[in-house]
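For what it's worth, numbering that gives the first Met the number 0 labels the leading residue of the sequence shown as 0, then goes sequentially.
Everything labelled a hint here was simulated from the structure, so no lab data went into it.
Among these hints, one or two may not hold up.
Here are the simulated distance ranges between beta carbons [to be verified]: (1) E68 - W100: 13 to 23 angstroms; (2) W46 - R96: 17 to 27 angstroms; (3) H19 - P107: 21 to 31 angstroms; (4) P3 - A49: 31 to 41 angstroms; (5) A95 - Y44: 30 to 40 angstroms; (6) D108 - I50: 40 to 50 angstroms; (7) G93 - R45: 18 to 28 angstroms; (8) S37 - E81: 14 to 24 angstroms; (9) D108 - T41: 37 to 47 angstroms; (10) W100 - S37: 34 to 44 angstroms.
In this text, a Cβ means the ideal position worked out from N, Cα and C, and glycines have one as well.
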Amino acid sequence: MTTPAWLTVLTTTDSEEKAHALAQGAVEARLAACVQISAPVTSVYRWQNAIETTEEWQLLFKTTAQRYEELETHLLAAHDYETPEIIAIPVLRGSARYLDWVSAETAPDASL
Numbered sequence: 000m001t002t003p004a005w006l007t008v009l010t011t012t013d014s015e016e017k018a019h020a021l022a023q024g025a026v027e028a029r030l031a032a033c034v035q036i037s038a039p040v041t042s043v044y045r046w047q048n049a050i051e052t053t054e055e056w057q058l059l060f061k062t063t064a065q066r067y068e069e070l071e072t073h074l075l076a077a078h079d080y081e082t083p084e085i086i087a088i089p090v091l092r093g094s095a096r097y098l099d100w101v102s103a104e105t106a107p108d109a110s111l
């Protein structure tokens, strides 16, 4: 199986301000071409032997597989959760113009 060239990377955070900061930082660093923030969502999960229900903001980062490791490292450093959700979803198909734009906006040498 070949590795997809593009990814949508998902994470969540507990405030709109934090969501905007994570999005802004990733786009400024050219680790994502675009970030969509959906809010609020309700998350129900088990954490430290308790069932938690919290309101969170979900972020979808549009990036390339080439930039994933750097994006993950960036999110881990910038995120204040002990164990943030960071999930990469492969983009198997998409508009050629859009995917070309994602590639151009996240190219490592584009910021030079």
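Results for each hint:
Between E68 and W100, the C-beta spacing of about 21 angstroms keeps the proposed range 13 to 23 angstroms intact. About 42 angstroms separates the C-beta atoms of W46 and R96, a value inconsistent with the hinted range of 17 to 27 angstroms. A beta carbon spacing of about 24 angstroms between H19 and P107 agrees with the range 21 to 31 angstroms that was offered as a hint. As the Cβ distance of P3 to A49 is approximately 36 angstroms, the hint placing it in 31 to 41 angstroms holds.
At roughly 38 angstroms, the beta-carbon separation of A95 and Y44 lies within the given 30 to 40 angstroms, and the hint holds. Restraint check, D108 to I50: a C-beta distance of roughly 47 angstroms satisfies the suggested window 40 to 50 angstroms. Distance hint check for G93 and R45: the Cβ-Cβ separation is about 34 angstroms, which falls outside the suggested range of 18 to 28 angstroms. The hint said 14 to 24 angstroms for the Cβ distance between S37 and E81, and at roughly 23 angstroms that hint holds.
Checked against the hint of 37 to 47 angstroms, the C-beta distance between D108 and T41 comes to roughly 41 angstroms, which is consistent with it. Between W100 and S37 the beta carbon distance is about 21 angstroms. The supplied range of 34 to 44 angstroms is therefore violated.
Hint compliance for this structure: hints 2, 7 and 10 are not met, and every other hint is.
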